[in-house]
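Q: With the sequences and hints as input, model every part of the structure.
Sequence lines, in order, name chains A and B. Numbering follows my numbering, in which position 448 of the first sequence is assigned residue number 448; successive positions increment by one, without gaps. Numbering follows my numbering, in which position 24 of the second sequence is assigned residue number 24; successive positions increment by one, without gaps.
Check each hint, because a few of them may be wrong.
In silico lysine to any residue, SDA-like type, Cα no more than 25 angstroms apart, as pairs [what the hints assert, rightly or not]:
id : chain 1 : residue 1 : chain 2 : residue 2
1  : A       : 156       : A       : 28
2  : B       : 204       : B       : 184
3  : A       : 494       : B       : 232
4  : B       : 91        : A       : 126
5  : B       : 204       : A       : 482
6  : A       : 420       : B       : 152
7  : A       : 156       : A       : 33
8  : A       : 439       : B       : 204
9  : B       : 225       : B       : 241
10 : A       : 170       : B       : 51
11 : B       : 194       : A       : 461
12 : A       : 439       : B       : 58
13 : A       : 439       : B       : 206
14 : B       : 235       : A       : 438
15 : A       : 170       : B       : 27
16 : A       : 439       : A       : 453
17 : A       : 227       : A       : 28
18 : B       : 136       : B       : 152
19 : A       : 170       : A       : 113
These aren't lab readings, by the way, just hints derived from the structure by calculation.
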Amino acid sequence: MPMRALLIVIVCSVALAAQQTASPQVTSQDLLDGQKDPSRWLTYSGDYSGHRHSPLTQITPENVHQLSAQWTFQTGTLGSFQTTPLVLDGVLYVTGYNNNAWAIDARSGRTIWRYRRQLPEDLRNCCGPVNRGFAMVGDRLFMATIDAHLIALDIKTGGLLWDAELADYKVGYSATVAPLVVKDKVIVGIAGAEFGTRGFIDAYDTQTGKRAWRFYTVAGPDDAGGKTWPTGDSYLRGGGSIWVTGTYDPQQNLIFFGTGNPGPDYYSQAREGDNLYTASLVAIDADTGQRRWHYQFTPHDVHDWDSTQVPVLGDLTINGQPRKVVMFANRNGFFYTIDRVTGKVIVAKPFVETTWAKEIGTDGRPVLLPGNLPDEDGSRTCPDLGGGTNFMSPSYDPTTRLFFVTARETCAVYYSWDQKFKPGEQYESGGTIRPRDQKNFGALRAIDPTTGRLKWEFRYTSVSSSGVLTTASGLVFAGDGDGNIMAFDSRIGKNLWHYQLGFPMRSTAGTTYMLDGRQYLLVPSGSMLTAFALPQRP
Amino acid sequence: MTPTRSMTMVTLGCLVTGALLLAQEQRSLTLPPGQNPHLGNPESIRSGMALYRFRCADCHGLDASGYRGPDLVAAVAGGATDERLFQTIRKGVPGTEMPPTEAPDNDLLLIIAYLHSVGTVTATERPTGNVENGAKLFSSQCASCHRVAGRGGRIGPDLTRVGIARSRTALVREIRTPSEFVAPNYETVTLVTKDGQRIRGAKKNEDVFSIQVMDTRERIQGFLKSSLQDVVYEKVSLMPEYGPGRLNDNDLNDLVGYLSTLRGADMAVR
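A: See the structure below:
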């Protein structure tokens with residue numbers, strides 16, 4: 001072979017090899033491995049179990065006070081982050097307000113690419129065009145959009161690969177959830193219950209964007225739960241939004257999602273019955289979308305208490321017996337430990353003041369207290385519509401076996417009235433106001449999931465919507481409602497460090513990852529990302 | 001129905017529907033042209049009530065008769081135009097707690113339709129009492145803590161526009177029983193420093209780790225709680241109660257009359 005040709009072959013081979021090694025490839029096994037490689041954060045909660053717990057130990061209770069900001073990233077857009085950034089090979093993948101998205105150098109905070117979605121002018125959504133993050137597999141990223149689509153982006157460029165419509169945004173559908181990839185499917189839920197829509201969970205082929213299955217969170221007349229709705233078409237306006245990412249149990253091939261409130265939100269007479277599968281935990285076969293079991297936290301909810309919280313999977317020993325469980329701090333104010341094979345309640349205890357139910361009975365149903373049905377005169381109930389907790393992610397530390405949650409101590413006067421449904425208009429049939437003498441504070445609470453008992457708490461001066469993150473070194477990271485990111489000793493709740501971010505964290509508590517031998521804590525708040533680390537050793 | 005009339009009705013219907021659809025999406029600064037399509041429509045009024053209770057009732061009262069904010073029943077009965085209502089809701093009232101809104105025009109029109117439906121006609125609030133005497137009373141009793149048009153104290157709320165921000169009933173209540181409701185940013189705290197010094201003032205902000213106050217000498221300052229011995233949250237307002245023994249009913253009437261005339265000041269430099 002002439003020397004020139006040989007050179008070309010060598011150059012091409014090197015280029016191809018470089019391309020292959022440089023191309024980020026996330027496999028299904030990587031997703032199953034979760035936090036095994038702590039330089040990565042590949043899915044919303046860090047792994048399929050929903051623990052939001054990192055095995056990293058460089059930052060410890062002893063040195064956490066030395067944490068300092070390494071860089072900040074500003075979106076340059078309006079609106080606040082509710083995202084959990086994903087991390088792969090030194091690059092952060094971040095979604096923001098109005099479905100802006102970025103690939104960012106994790107070392108420096110500099111932008112690598114940016115995606116902007118052209119959104120229609122006439123969007124309808126109850127709670128702002130927020131987004132909770134990407135999902136990833138292979139060399140692609142997946143984002144749900146506020147105009148109710150699911151899109152796939154090229155991980156290297158942010159270029160659009162496919163765009164699937166979930167539902168018609170013009171009648172009030174929207175999507176804010178971070179999708180969940182399981183094997184060859186990307187699973188996503190729809191929001192829009194405040195507009196009298198019917199919620200669902202969908203699975204799409206990661207390669208083609210074709211829909212594989214749909215599970216309606218509001219049972220139709222032919223479904224097993226169909227009799228829990230009045231005869232007629234009220235189920236078509238039955239709500240059941242999904243806006244928090246579910247979890248996955250590979251042993252059972254089951255995905256778990258919490259479902260939203262029934263619609264209309266407050267007016268009981270519009271939808272007599274339990275209103276399955278709203279305000280529930282549903283266990284669905286990941287391949288077929290068939291429901292294996294469900295547990296309804298709040299039958300016939302009339303307080304807007306979505307159960308769209310993260311179902312956290314764990315293996316516990318309860319009364320001497322090993323149990324496979326799902327742990328759930330619910331907006332209705334109760335903490336639940338549920339057998340994730342059978343769907344039966346093992347533990348149910350209030351973790352905030354609850355005035356609507358005395359307890360959860362042995363049959364799993366709440367024992368209701370009188371005087372809590374909203375009407376035109378109003379009825380005072382605790383918690384308020386924001387709930388005992390909400391969309392903010394909890395965390396579970398499997399070493400201490402403690403469940404950590406941002407709790408809200410609030411009450412409200414709930415009103416309801418009849419309202420005629422019109423497609424595309426808000427359909428809540430009621431509202432709430434805050435009593436003037438109400439308490440109104442938040443707290444980080446550590447709960448023993450085998451008993452539901454409070455282990456410790458740290459009170460905030462106001463309510464918070466921050467998520468929680470734990471690490472194997474015995475740290476809990478969380479944010480208050482006043483813009484502080486804080487670190488606590490996970491065993492006793494002692495505050496060890498805080499930093500004023502200028503805007504409170506919402507939904508997430510950030511992510512942590514190793515890069516170049518340093519452990520980073522990455523915190524989204526407002527329109528800013530801040531990366532913290534310990535001082536570099538010389 | 002004749003074809004012409006039918007055509008006219010269809011055209012009118014389309015125009016109204018079109019205007020309504022437009023209003024649902026738009027965020028105008030002024031009242032959209034044409035009649036408010038929700039006026040007198042029971043369904044719209046219910047929707048307006050829902051929006052009102054959600055967005056307005058905390059300040060203006062559940063029945064719109066005013067609490068911290070003005071009495072809207074009286075305002076509407078007194079001839080407040082839809083244009084004024086629309087612009088007030090859209091733009092807010094600078095210098096008061098009334099914020100601007102980005103809500104769609106349609107939401108504002110629904111709220112206005114609801115406001116037209118509540119209560120029966122009540123008398124318009126007009127200044128009562130001897131305004132001149134009220135001004136004197138203000139100067140001697142109130143001005144050390146409250147500011148009007150750039151003059152006066154700052155520990156209490158600025159009252160330059162209080163005449164449009166408070167109903168007469170609210171003014172009377174807040175003078176007679178100021179501790180019944182203390183607005184955010186004016187709650188009373190006493191900070192006790194490590195060396196035992198006590199600093200009393202109005203809380204401006206607070207989180208778990210710090211607190212920011214204006215003390216009674218109008219010094220604004222932040223403190224780290226770790227540097228304090230104690231933070232005492234007082235239930236009472238910094239403002240003393242002006243009961244009948246301190247301010248008789250006639251003087252109260254004069255003072256409220258004067259306060260009702262405070263409707264903003266031109267602070268432009270010329």
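Q: If you check each hint against the structure, which ones fail?
A: 6, 9, 17 and 19
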